[in-house]
Amino acid sequence: MAGVKPRGKAHAMGLHDERLAGRGGEQLFFKAAEEENFTYPWSFEVDFARSAEFDALDMEASAINLEIRRLMQDGVGSITVKNPRARHGVGVGFLNRLRLRFEGSLGYFGCGLSDGPNIHISGRVGWSCAENMMAGTIVVEKNAGSTFGAAIRGGDLVCKGDVGSRTGIDQKGGNILVGGRTGAFSGFMMQRGRMVICGDAGKNLGDSMYDGTIYVGGKVAGLGVDCVEAEMTDADLQWLTAKLSLYDLNPACGAANMKKFVSGKQLWNYDNLEPAEKKLVL
Amino acid sequence: MCGIAGLIHRGKTSDIGSEMTSMLQSLKHRGPDSTGFALYGRGSGGNDNDDGGNQHVMRFKVAEQEEMRDIDIRVKMRARIDDVDARLEKLGVRVLDKAQPTEYSLRYAFAYDGDMRALAAQVEAVDSAEILSIGRALELIKDMGDAGTVAADYGIPGFTGTHAIGHTRMATESDVDIRSAHPYWAYPFNDISVVHNGQLTNYWTFRREMERIGHRFVSDCDSELIAVYIAERIQRGDDLEAAMHRSIDELDGVFTYLVATGDQLGMAKDVMAAKPMVLYESGDFIGLASEEVAIRSIFPNEIETWDPYEGEVKVWRA
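Same order as they appear, the protein sequences are chains A and B.
If you number the first sequence the way our numbering does, the last residue is 282 and the count never jumps.
If you number the second sequence the way our numbering does, the last residue is 600 and the count never jumps.
Simulated from the structure, these hints should not be mistaken for lab results.
Accuracy of the hints is not assured; some may be wrong.
[Stated by the list, open to error] Quick partial rundown of chain A residues pointing at chain B, CB under 7 Å, derived from the structure:
hint : residue
1    : 85
2    : 89
3    : 107
4    : 165
5    : 183
6    : 184
We put the CB at the ideal spot given by N, CA and C, even for glycine.
Model the full assembly from the supplied sequences, consistent with the hints where possible.
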């Protein structure tokens, strides 16, 4: 994340210093002002100018991950993995800056627990891609399976094709962008962050969401419990335009005509809590 | 969990035995208890016969694998096989070819014009005998172990045909035995088989209803209900696609299942889309599996795949 320069407008919109707090007390996972120091003590120092590639055709998932780790340990910052062949659990748990490219498709749980790397996947990903991602970017050129971006806390997760059901289930931060359509129960129990669906959304969109924002360009098959349409603001449009442009996504209706959905905040957990307790929940 | 897979070649045949073995072996981690194949050959009595419209292949077993520990099981099995042969002869069934891939499993190619339900009832009247399938194109093979083991035991690689479905089972709702393994044949209909990943929550309600109208169940596995349900709907005049659409509304639970007939392959996904399915479709081939890694096992090059959506039904013809 070093090298990411704070921008006034984005910070004014609260996009880079989202606070995530639990009942046990406040926790700040990331402060933009402290970004230069926000690295894990065990992360590798890598040089983006140094590149390497290897063929994973006959390698097991653990061997692929270990090879990536070995290259990072040697200071290689740009790594290309060929022929991952939809293996599960590849690209998981990388916690430092890295340019990682997969030429092919990944299976289940691809690139989960990421915190920092910029990952590009030329093929498709299976279920639960980028689960619990903290920071960085992941761009998938083709389609994705269900539970895409489950419980992510930060970063940008992009699928240029269609994704399955329950996209962004339990999303706690960050941004999920989908170039095509998404299935049922997308944004289920969403707590924070933004989701952009350029195409159609399946039924029960945003079911039981606590907070966060969902933008949809196509048709919505149906809204979930406590998900309501909200008015698009200029700030929304500016953010959408910038993000869509960044990843070369073009909703057929145009960013200005996308619809915005948020939590109606009428569920029991809101009704039964004192104002101070509500802050703790969120 | 459980893994399911299907493939269909349009307008041509292929070594579907090897292809399905490879796909199911890739899904071994989803279910190590048993493996099953429903393979569809060129018709008219199975893989090799092509000399008449009344020819069929029957796959059946005369013992469960756990019975093989009994000290006198081989004597019993010999008597059961003799009993089956006598009953078939009495019905006027002309057995053309006999094979015995394992000690307890048999394959008969036969010619018969009579009532298939009566034939099935006669065979299953023999102690411990259970028909796995009867069909003009279908050959259904299932046993304990992974795909590699079952395929080697039954000589599956090299089986030429148009389409196939298969299953790797992790038992959750019933016993680990052959009768609870998939695929299930839609008794007593020629050439219809089903594999399923998921759980049906209205299984007992529906089973009692089906039994009241005369359907037979051989196991306590909820997946068997889908085969019986499809058979019942087809018997009432539905085509395959209509029957599958209806099942989405009437069967309760989380499921993705595949159905194959003599010339069709279909898939259905429940309204929650809670069980996985990845689909690859080209001009002359369709491959489906619980995980993409299974499709990749027969397509080394980069391909375009996607997930079908909630409540979706698709049917393809060979």
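Evaluation of the provided hints:
Satisfaction of the interface hint for residue 85 (chain A) is found here, the shortest Cβ-Cβ separation to chain B being roughly 5 Å, below the 7 Å cut-off. About 11 Å separates the beta-carbon of residue 89 (chain A) from the nearest beta-carbon of chain B, more than 7 Å, and the hint is not met. Taking 7 Å as the C-beta cut-off, the interface hint given for residue 107 (chain A) holds, the closest approach to chain B being about 5 Å. Among the interface hints, the one on residue 165 (chain A) holds; its C-beta lies about 4 Å from the nearest C-beta in chain B, closer than the 7 Å criterion.
Nearest Cβ of chain B to the Cβ of residue 183 (chain A): about 5 Å, under the 7 Å cut. The hint holds. Of the supplied interface hints, the one on residue 184 (chain A) holds, with its beta-carbon coming within about 5 Å of a beta-carbon of chain B, less than 7 Å.
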